[in-house]
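Here numbering that gives the first Met the number 0 is used: the first residue of the sequence shown is 0, the next is one more, and so on.
Treat the hints with care, since some could be wrong.
Stated by the list, open to error - Capping the alpha-carbon separation at 30 Å, the derived lysine-lysine pairs in DSBU-like fashion look like this:
#, residue 1, residue 2
1, Lys18, Lys82
2, Lys17, Lys82
3, Lys21, Lys82
What the hints assert, rightly or not - What follows is a set of in silico ranges between Cβ atoms, one per label pair, in the way DEER data are often shown:
#, residue 1, residue 2, range
4, Asn46, Leu66, 28 to 38 Å
5, Tyr20, Pro50, 34 to 44 Å
6, Phe53, Lys82, 25 to 35 Å
7, Ala28, Leu77, 18 to 28 Å
8, Pro80, Asp44, 51 to 61 Å
9, Ile52, Pro80, 16 to 26 Å
10, Glu12, Gly70, 21 to 31 Å
11, Phe15, His54, 33 to 43 Å
12, Leu77, Ser42, 23 to 33 Å
13, Ile35, Ile76, 22 to 32 Å
14, Phe48, Gly11, 25 to 35 Å
Hints in this document: simulated from the structure, not taken from any laboratory.
Every residue, glycine too, gets a C-beta built ideally from N, C-alpha and C.
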Amino acid sequence: MGEQKRKDTSKGEFIFGKKNYKFMLIGLASIVIGFIIMSGGGSDDPNVFDPSIFHWTRIRLAPTLVLLGFGIQVYAILLNPDKEKKSKS
């Protein structure tokens, strides 16, 4: 009997709210863009040096975007979606 009650109370309820998922998608997009910027630019010939690997977008911008994306992900997980509902009541 107790098992049926638990199933009824937990049915159809998401852990995160709509706001959490929006922030998660923004964070994921930031991480993906950072890794895309960081990749590429290699030379096909190993005997030829390509100085574009030391460009500021690969050394500074891309890792910053990735870290920012991870920070947004942590914020999205810790964000309480029920906060507005409790304060309005």
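Now the hints, each set against the structure:
no. : hint                      : result
1   : Lys18 x Lys82             : holds (11 Å)
2   : Lys17 x Lys82             : holds (13 Å)
3   : Lys21 x Lys82             : holds (16 Å)
4   : Asn46 x Leu66: 28 to 38 Å : holds (34 Å)
5   : Tyr20 x Pro50: 34 to 44 Å : holds (41 Å)
6   : Phe53 x Lys82: 25 to 35 Å : violated (45 Å)
7   : Ala28 x Leu77: 18 to 28 Å : holds (19 Å)
8   : Pro80 x Asp44: 51 to 61 Å : holds (53 Å)
9   : Ile52 x Pro80: 16 to 26 Å : violated (42 Å)
10  : Glu12 x Gly70: 21 to 31 Å : holds (27 Å)
11  : Phe15 x His54: 33 to 43 Å : holds (37 Å)
12  : Leu77 x Ser42: 23 to 33 Å : violated (43 Å)
13  : Ile35 x Ile76: 22 to 32 Å : holds (24 Å)
14  : Phe48 x Gly11: 25 to 35 Å : violated (59 Å)
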